[in-house]
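Which chain is which? The protein sequence lines are A and B, in order.
Quick note on this note's numbering: the first sequence kicks off at 25 and runs consecutively.
Quick note on this note's numbering: the second sequence kicks off at 197 and runs consecutively.
Because the hints were derived from the structure by calculation, they are not lab data.
Heads up, some of the hints might be wrong.
Partial chain B-side listing against chain A, Cβ under 10 Å, derived [as the list claims (entries may be wrong)]:
id : residue
1  : Gly202
2  : Lys282
3  : Ala312
4  : Ile327
5  : Pro328
6  : Lys354
If you're wondering where the values come from, they're calculated on a predicted model, not measured in any experiment.
Even glycine gets a Cβ: it sits at the ideal position worked out from N, Cα and C.
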Amino acid sequence: MMTEKELIIIGGGPAGLCAANSAAESGVKVLILERSPRLGGQLIKQTHKFFGSEKTYAKTRGFDIAKLLIDDVLNLSDNIEILCDATVVGLYPNHEITVYQKGIYQKYKAKSIIVATGASEKFLAFENNDLPGIYGAGAVQTLMNLYGVIPGQSIVMVGSGNIGLIVSYQLIQAGVKVKALVEAAPKIGGYLVHASKLRRLGVPIYTSTTIKRAIGKESVEQVETISLNEKWEMVPGTEQIIDVDAICISVGLSPLHQLLSMANVEMKYVNELGGMVPIVTEEHETSYKNLFVAGDVIGIEEASSAIIEGYLVGLIASKRLGKSHPNYETLIQAYHDQLTNLRSGPFGAKTRIGLAKLRGENHA
Amino acid sequence: MLDKTGIALPEQVLSRFPKKEFLAKAKAIIECYQDIPCNPCQTSCPFGAILIGDDINVQPKLIVEKCTGCGICVTSCPGLAIMLAKTEVDKAVFKIPYELLPVPKKNEVWRAVNRAGEVIGDALIDSVQSIPKQDKTYLVTVKTDLNLLYDFITIRSKDHE
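Please model the entire structure based on the sequences and the hints provided.
In structure tokens form, the structure reads like this:
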């Protein structure tokens, strides 16, 4: 049986929730499909206060931002229907979606779709990287911040992006000894204020250093690190052995593009955006009409950007359905300005270059 | 250096301290050395003493005459990059943000720690404040010897060494 819907949003993280909010306020009937048991995406594991401006909930802790965004959606329950534990397993070019929920497959058809699937973690190849005790940063956050379980007593963090830095701090807050943070690049990748916070708590930060192998019989007992030269080659003789019972890998994210690829949407590999991303118009519409994207699936950024993109794309998709938000023009302008502002500094360079590459191809 | 180790250089730190005569009263020391998109320090200051402007990718500037030493910015900065400093006869008095357990208690003596994470002396806990607006970031007032003024950054429990 096929259930028909006006707008389906795939993903109930910050981008999906904000898109639902905008669309519902525009008078559109929305269905949110979320594969995990609860809404909020990665925000629900974020215990730190957020950066950015007041408009994107700066200085509010991540899980509290999730509560605010979820409450906004629940308050619009006349127009928003939510399915959790509902994994979209098929997205087809005629706006049809197959959903797997609690042992049952269901089919939906929508007039419009917003894909806000977010991102997945990259992993790293090294000897023994399948030993128990080796985690991705997302798993560490799930264990600690959702379930109150620490991943080990002592740990080495691999990767100095904001996630690696923030999760290291959260590990210390949870009582885990962070013995070192290693970064293959010559410089710290994330915000230096996060790095300074770790350093003053006694965590050594080794740049131009990577993990060579994990050592242990049943699980991780030691980690071997090694320095890299300017050609990113391992320098023999610089190995260091550190006793740990856990290793955390935080080496970046990739857009979760698989559903879009499945629907045969035009895609492009853009390194600066994190991997395969859909080619989109200025309105965030893919090559397939009334299929929009918002958030990390169109390029890895901070949650603040996903929030604004969500609001923005929710408005656009609704207008296309013939339902314009009463303040459409003003809001669109405001969200564009906020995105430009967030991306205008040195930390926005990657996104700026990536989007230019993506659009260059689009206009070619 | 800072972008390899996480440790600010002495001249960077000094550039964020006002002239000594201002430090008879507590002033905000803002250690944000990078243009990141963030502005809660500016929007939280009730006295307009912290300036970033409309482009939030700019490092904050303290207008030292306007700073009253209230400490609101200290617990508003998501990067925990602001503290207050003031000098007394032979003591330096700081208000720092703190988010670890155990929570320090008044009159305890903790370790004074520098930006490299090394113990540099003792820190007497003078007060510990946690009001709802601080959202679980404690504001801890500590006293150290005056000669630690430019080196002190945080405290460490003696039981956690």
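Supplied contact hint for B/Gly202, tested at 10 Å Cβ to chain A: holds (3 Å)
Against chain A, run the beta carbon of B/Ala312 and see if the smallest gap drops under 10 Å. Holds: closest Cβ of chain A sits about 6 Å from B/Ala312, inside 10 Å.
Holds or violated: B/Lys282 as interface residue toward chain A, Cβ cutoff 10 Å? With a minimum Cβ separation of about 20 Å from chain A (threshold 10 Å), the hint on B/Lys282 is violated.
Answer holds if the nearest beta-carbon of chain A is closer than 10 Å to that of B/Ile327; otherwise answer violated. violated (15 Å)
Does B/Pro328 hold up as a contact with chain A if the rule is Cβ-Cβ below 10 Å? violated (12 Å)
Report holds or violated for the interface hint on B/Lys354, using the least CB-CB distance to chain A and a cut-off of 10 Å. Where the cut-off is 10 Å and the nearest Cβ of chain A is about 14 Å from B/Lys354, the hint is violated.
Figure legend: structure checked against the earlier numbered hints; hints not met, in rising order: 2, 4, 5 and 6.
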